[in-house]
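> Starting from the structure of chain A, add chains B and C where the hints point.
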Amino acid sequence: MSVEWPLVLFSLLAGCGGCTFAYLALSDLLTSNKKGQFQIALVALIVAVVGGFCSVAHLASPQNVMAAVWNIGSFSGISIELILIGITCVLMVVYMVLLKRGAAESAQKAVAAVGGVFGLLLAFFTGHGYVIESQATWNTELLPFAYLGTSLALGAFLYAVCAVVCKVDEADLRKMAIPVGVGAVLGAVSILGYVLAVGFEAAATEPVLLWGGLIACGIVITAICGVVVMARKQNMDSLAVPCVGLAATAVGAVSLRAFMWVVGSGFLGLFEVAMNSRVIGL
Amino acid sequence: MSKRCLVVNLDRCSGCDSCVVHCKYENGLTLGEYWNHVTAVGPTGDFPDVEMYWLPVFCQQCENPACVSVCPTGASYRDPETNVVLVDKDKCIGCRYCMFGCPYGVRHFNETEGVVEKCTLCSQLTAAGDDVPACVHNCPTGARFFGDLDDPNSDASKELAKYDADAIHSLPDPGNAHPATKYILSPSIAAWKELI
Amino acid sequence: MSSPAMTRRGFVKAAALTGAVAALGIETSSSLIEAPEAFAASGTQRTAIRTCCHGCIQCCPCIGYLEDGVIVKLEGDPEAPVSKGAMCLKGMAQQHTAYSPLRILYPMKRVGERGAANASWERISWDEAIDLAADQFITSVEKYGPYGVWMGTGGGGQYVSPQGQIFPKMFGGPIQLSGGALQCFGPRRMAGSLIIGQAEPCLSMADSSVVEPFNEYNPTMEVCVIWGASPSTSQTAQSGHGMADARVDRGVKTVVIDPFMIPDATKADVWLPIRPGSDTALVLCFMRYVIENNLIDEQFCKYWTNLPFLMDPDGNPILAEDIWPDYKNPAADPNDYYSTPAYVCFDAKTNKIQPFPYTAPEDSPVDPVVFTEVEIDGKTCKTAGQIYWEEAEPWTLEQTAETCWLKADAIEKAIRLYGEAEHAGIAEGVFADMQQVSSNVPIGILALECMMGYINKPGCTLTYHGSYGETRMTNAPGDHNSRWGLGWTYGLTENGNKKAREEALQKAFGESGKDPEEMSKGMLQILTDRLGSDKYRGSFFMDMAVTGGIREAAATGEPYRPRILFEVSGNKMCTIANTSGWDAGYRAQDFIVQQYTNFTSFTMDYVDLILPDEEWAEYNSFENLNNQINYNWLRQRMIHLGETVACERPFMAVAKKIAEKKGEDFFFDFDYLYNGNSRVVYDDPAAKKALWAERFGAQSWDDLIENYDNYAPLVQPDEEYWSYYQHEAMADDGLPVGFATESRKTQPYVWAFKELGKNGGFITWPYKWEDTGLDYSPICRYVEFEENGLQNDTDYPLVFTSGRVQHFHHGTLRHAPFNRELSPVPDCYMHPDTAASYGIEHGDWVKLTSRRGTAYGRAYLTRGINPRVVREERFWYPELFDDSRGDKRTGGWEYGISNLTRDDVNDPIIGSATYRGFNVQIEKAEKPEGIWTEPKQFEAFLPTLKGEPQTDEVVF
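Protein chains in written order, with this note's numbering: chain A, 1 to 282; chain B, 283 to 478; chain C, 479 to 1434.
The shape of chain A in the complex, shown without the other chains (with noise of 0.2 Å):
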C-alpha cells in the first residue's frame, strides 16, 4: 500500500504533542517550580494542532472535516481521535489559562494530569484505528502500542529540548531524567514489538526502512539515548543528548508509521488483481 503521509504527520504529530504534555504533566506532578511550563504546553499544543491540520489534508477536502466532528458520536477511529484530540487541546489551553491566572496549584496539578492522561491516550489511538481485521499487518495491538511508544519518546525527547531552551531548573530536569529516559526506551522496545508481530521476513523486504529507520533510527540511537539521559542525570541542562535523541526518535517514529503501510496489503486485493496481473494461482 502508499504511504497516506497526511495520516503519518498526523498520528506522529498529534501524538508527539499530545506526549509532550504528558511528560509536561508529570513535571508539573514531580515539581513545584512553573519555569517553562507554559512555554513547553505552548509547543505541545501547536504540535497537535498543526497535527490535526495535517490529518484534513488526507481528506478529500478539508471541509469535509466538519462532517466528521458532526458525526463524533459514530466512535469510530476518526471520530474517537477527533474526540481526544479535542480534549487534550482543550485541557491544554485550560491548563495555560490557569497557569496564567495563577489558579490553585491543586487545580493545575489536576487538570495537567487529567491532559497527560488523554496525551497518551491520543497517540494510543492514532494508532488504534488502524487495528481492522482486514489489514493481517496492522491488525495487533502492538501497532497502537508501536504508536504510542514512539509517539512517547518523541515527547520525553521534545519535553527535554524545550525544558533545556527554556532554561528549566536543573533540579527539576533531573527528576525528569527517569521518565525521558524510560519513554525512549519504550519507544525502541514498542518499534521491536511491531516488526516482530509484522514478521522480520516480511519487515525484511523495505531494508532502507527496516534497517534505517526503524532499526538504527528507532531502536539503537533513540535507546542509546534514553540511557545516556538516565545515566547521565547531572548532565540534563546539555542539549547534544536531547537533540539527537529527537532526531533519531523523530525519524523512527516516521519509519515505523511508513512502515507500517508499506506492509498493508489488505487482506484480498481483489480490483488490484483484476487491473494489473488479472490472474491468481500463476
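Hints are computed from structural coordinates only; laboratory data are not their basis. Fair warning: there could be bad hints in the mix.
Here are the simulated SDA-like cross-link-like pairs (lysine to any residue), alpha carbons at most 20 Å apart as the crow flies [stated by the list, open to error]:
no.: 1; chain 1: C; residue 1: LYS731; chain 2: B; residue 2: GLY396
no.: 2; chain 1: B; residue 1: LYS475; chain 2: A; residue 2: ASN71
no.: 3; chain 1: C; residue 1: LYS1402; chain 2: C; residue 2: ASP1196
no.: 4; chain 1: C; residue 1: LYS1424; chain 2: C; residue 2: ILE549
no.: 5; chain 1: C; residue 1: LYS885; chain 2: B; residue 2: LYS371
no.: 6; chain 1: B; residue 1: LYS440; chain 2: C; residue 2: ARG728
no.: 7; chain 1: C; residue 1: LYS1414; chain 2: B; residue 2: GLU333
no.: 8; chain 1: C; residue 1: LYS1414; chain 2: B; residue 2: ASP331
no.: 9; chain 1: B; residue 1: LYS371; chain 2: A; residue 2: LEU282
no.: 10; chain 1: C; residue 1: LYS1139; chain 2: C; residue 2: ALA612
no.: 11; chain 1: B; residue 1: LYS371; chain 2: A; residue 2: LYS100
no.: 12; chain 1: C; residue 1: LYS1414; chain 2: A; residue 2: GLU272
no.: 13; chain 1: C; residue 1: LYS885; chain 2: B; residue 2: ASP331
Chains B and C alone, transformed into the frame defined by chain A:
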C-alpha cells in the same frame, strides 16, 4: 429485513468481462473506474492436467462490514430495509478508511468527487424490488443471480438450492466479516481456492 | 442538466428512488431513476426500442433506451430464447462506438498524398462522392479493362456481403477478396454441400448452424464435441449462454479440442490440447476407434451413406449399369429429369456383389457390407468405407497421442463419450478453415458424423431444422448455375441439367438481346481467370479469389493487375494473411473507395474516398442474422447520425451512376445487380421495408414499428422447427426424400473432387476445364504442415496458434474505450516454463517472429497451453493516428500477428491461407512506441457525437 446479495455460479462463468462493463455503463463509471471486476484463478496444476475458474469480484455484502464500522461519518451504511451496504456520498469525506477496512479491495475512490464508491447492487434498479442489477440481467452465461438469501423463492436462493454444500463457497473471511455473497463452483469443474 | 449516468451513480437510497420514479411518471421498471429534482422536472422521457445486437455474427435481441434521441442504455431482451436477456461487452460497446470520435458520418475525399502521417479529408456530398467513384471506375475500365475492378469484404463490422461477388462480376471482373470466406465458413459449407447436400447445417455454431445444444423444447443432446470453436469468447451471449445452459441445466457433456484452454475447455469433461495443425490425425483416430469398437451406426452407414458403394481402382463409384448393362434401376425417373442412380455393393445376404438401388432401408434388396474389398473383372475394388478405414487404420490412440501431443487415455475418453452416446455431435469452429487442412478436416468430421449417424437426429449438431419438403431435393452451385448456366445440379439427370440450364439462361438473358451462350462462356472465362482458381477450384464455394493470388497480382501485376478497389470491410491490415505483403499492392492501386463506420489503419493509409456506413444502432434490416433458433426479430434503427447509409446501397448507386453515364452495355452484365442475389434491392428502401413488414404480418412498415411488440418475435412453431429424420420422409416419387447429393445419400467419400480436379466437374459443366493434373483427395487424409513443431526448428522453435478473445470481434472495436481498457493490447499466451526459458515475465512485452514477419504482444503466462505453443489474437491500434499525436502514423498493422501468417501454403482444394499452425520465435521486447495501455489514455475514444442531430437516411 431482507438479505440481498449476489450469487455467482462459476460453473457457468466464462470470464468474459462483460459484467465489468455492464456495471460501468449502468452506473456511469468512466475509464479506470470499477465497482466490479473479474480475475482468473489458475489454471493450476501441471499441463495438461490443469483446472481453472474465473472469480468475479465486487462488494461481498459482509454481515459485519468493517467499511461501515470504520466510517467516521456514517456515509458507509447498511440499508436497514435491504441489508445492502451503501455509501451516502453526501456524507462521505473521502478519508478512505473504508477502503483500508474492506477485506476484499473492492471499493473505488472517485477522485473527481472525492468520495468512495462501491457496488450498490444497482439500487437505482433494484430498490423497488422488481428489477435486477445490470450485471445480472446481461450476464452472457447467466451466471449471476440476485435476491434475498432469506427468501427461499428468490433467484439467488433458488440457484443455491440446486447445489450441495461442497459446491457453495464464500471468499475467505479475515475474521468476523461474514461475507454474504456466495459462489457456486462444483468440484468437478475445479477445486475452490482459498486465495490466501 | 445532469447527465443520467451521474444521477444513477448518485443513487442514495430507496426512498429517494421511489419518489423520483413517481415524479417522472416513468413506468418501466428498468428506467432511470433517482435523479436530482431539476432533472426530474425537465421531463426527459425515456423511450425503449427493441432491436438486435450486431456486435458479432450472431444476433442477440436487445433493448435500447433513448433520452432526447441519445442511447443511454442497452440491455439484452429477456424474451430471447438462447441469450435470455444477456448481452456481452462487444454489443454494449455500441453505446460508445456509435458516437465515437473515429466515426465517419459524411462522404469524404482525401486531400493530399496517401498515408496516415498527413491524412486530411474534405467533406463532400453523396452526389459528388458517387459521381467521383463512378468516374474512377469508368476511367479504369476504359483504360485497363474490367479485370482491374475488385471488391473487398469480410473482417467484421459489416452486415451482409453479397456485394463482394456482385459488383466486380457486373463489370466482368473476377476478383473478390475476403480475409474470411475461404478462411472462414467457406470450407465447411463446401464440405456440407458435397457430403450432406446442403451448405447448412454444417457444423458451425458461430454461424448459427449448430443449434441442437440449445434445444429446450425437446432436449436430447448428451455430448457435444467443440472442435476448434470457442462459443464463450466468439459468440459470448448467445452460443456462450446456450452452452452454459446445455452443460449446467441439461447435463450435456462436452469435449473441447483446442490447443489453448479456452473458457469452454475449463468446463469440459475432456479437454484435448492438440498440437496446432495436427487435427487430421485426430479425426482419423476418432474414425478408427469408432469403427474398430463398433460404435458406428451400422444401419445408417449401410443405407444412408455412400460408404458401402464399391469404387473402381481409380476411386470413382461403380454404377449398377457398369456391371449389368441391362440393369433396370427401379428408382429411375421415367421423365429422365431427376436422378437417382443405383450403385454396386457387396451383399451379405447373397455373399456377392449386387446392384444397390435407392430405397427406404427396410425395402432394400441387399444387406451391404460397409468395409470390404472384392475382385471385379480381376481388379480389386474397395468400398468407400474400406478406403476410409485404410486411411484411418494407422491412427491408433498411441500413434495419435504422439503426433498430436495428447494423452492416449484422454483421447479414448473423448471418443467414448462421443461414440457411445445416442445423441451427440461435433461443433467445428473456424480453426481448420484458416489452415492448409481446410478441406480435409471438415470432410473428415462430416464423414465421422455420417458414420455415427448423427444427422437429422435429435440432439445432433448436423440436424436440419424444419422440413426438407416432399419434392425431390436438388443442389446447384449458386448463381453461376441459375444465371449463367454453369455447373451441374445434383439430383438431376444429364437431360434434367440440360433442361434446367436452358431455362436459366433463357430467364436471365432471353429478353436482353444478349446471346445466352456467350454470357455463359463469358462467365466461365471470368471464373477460370479468377486469381488462384485454376489451382484451388474449391474456392468457388465462397465465390472468392484466393488471397495470396490477389496479393501477388496487386504487387507485381501478374497475371493481371487489380487496379481499382471498392472495400466494404474494416481494417484489412488486421485480418488478412501476410499483412506486410499487401502494403505495396494497396499503394499501387489507382483508386480505393472504402465504405465503413469508422476510420481504420486501412483508411488512413490507402483510401481515396470514404463513404459513411451505418452502425448497427442505425440499421434497419430483416435480411439475415436476425434470429435465435426459431425466433426472428427485426434489426431496428434506434438512432441515425450524419449521412450514413446502409452498406448495401452505395455500390448499387455507383453502378447505376456508371450506367447512367455510359449505358448499361458498359457492363458485362448490369442486370446482375438485381438478379444476383434476391436480397439485394436496396436502392428502394421503402420496398424492402414493405417486404419485411409483410413477413411479420404487419399492415405496413409504420404499423410494424408502432406495434412491434405485437408482431415480434416472429416464431416458427416449435414442432415444425424441431423436426427430425427429414430425409426419411416420402418424396413425390414414392421414395424417401434423402439428401441433395448425387446418390441421394450422404457422401462422406467425396468423389466429386476427382472430377473437379480433373476437368472442373460440377463447377464448370457443360464446359471442361483444362486438366492440369490436380489430384484432389475425396477423403480426409493426414496432412502434416511444412512448419509443425515436430522438426527441430532451432530458429523458430515454438508453434503459433491464435483465437478470439471476448473483447473484440474480428478487426472491430479497437476504438471501443471500455473494451480496450480491459484488453488494451493482445495477450501472448505462453506456458510459464516457456516464458522462464526466454527470461520473460507475466506482463512483459514480447516480440514474435516467423519466417514471414514480426508481431508484438504482452506475455500472459498460463498453464493452459503446451509449453511448445504460443497463442495471440489479431490487433491494431487506432491511437497511432489519433490527432493527439504529433507523429500520426498507420494503425500499427506492423505489430499484429497477421504479419506472421502465410498465404504461400494453402489448402490444396480451397486455397485457404494459413493463419495458424506454423513456427515462431519469441523474445522479450520493449513496448512499441505510441501504443496505449493505461485506462485514462483511452479518453480520446470516448463518445463525442452524442450532440449530433438525428437525421433521416440520405436518398440517392
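> Hint by hint, say whether it matches the structure.
How the hints compare with the structure:
Proximity of LYS731/C to GLY396/B is assessed by CA-CA distance (about 50 Å); at most 20 Å being required, the pair is judged violated. With a CA separation close to 40 Å, the supplied pair LYS475/B and ASN71/A exceeds the 20 Å bound. At roughly 56 Å between alpha-carbon atoms, LYS1402/C and ASP1196/C are farther apart than 20 Å, so this suggested pair is violated. Restraint check for LYS1424/C and ILE549/C: satisfied, since their Cα atoms lie roughly 8 Å apart, inside the 20 Å limit.
A distance of roughly 57 Å separates the Cα atoms of LYS885/C and LYS371/B; the hinted pair therefore is violated under the 20 Å criterion. With a C-alpha separation of about 17 Å, the suggested pairing of LYS440/B with ARG728/C holds against the 20 Å cut-off. Distance restraint check for LYS1414/C and GLU333/B: the Cα-Cα separation of roughly 34 Å exceeds the 20 Å cut-off, and the hinted pair is therefore not satisfied. For the proposed pair LYS1414/C and ASP331/B, the alpha carbon gap of about 39 Å is over 20 Å, so the pair is violated.
Pair hint LYS371/B plus LEU282/A does not hold up; C-alpha atoms about 38 Å apart against a cutoff of 20 Å. Distance check on the hinted pair: LYS1139/C and ALA612/C sit about 9 Å apart at the alpha-carbon level, within 20 Å; holds. For the proposed pair LYS371/B and LYS100/A, the alpha carbon gap of about 46 Å is over 20 Å, so the pair is violated. Proposed proximity of LYS1414/C and GLU272/A is supported: the alpha carbons are some 16 Å apart, at most 20 Å.
Proposed proximity of LYS885/C and ASP331/B is supported: the alpha carbons are some 10 Å apart, at most 20 Å.
Of the hints listed earlier, those the structure fails to meet are numbers 1, 2, 3, 5, 7, 8, 9 and 11, in rising order.
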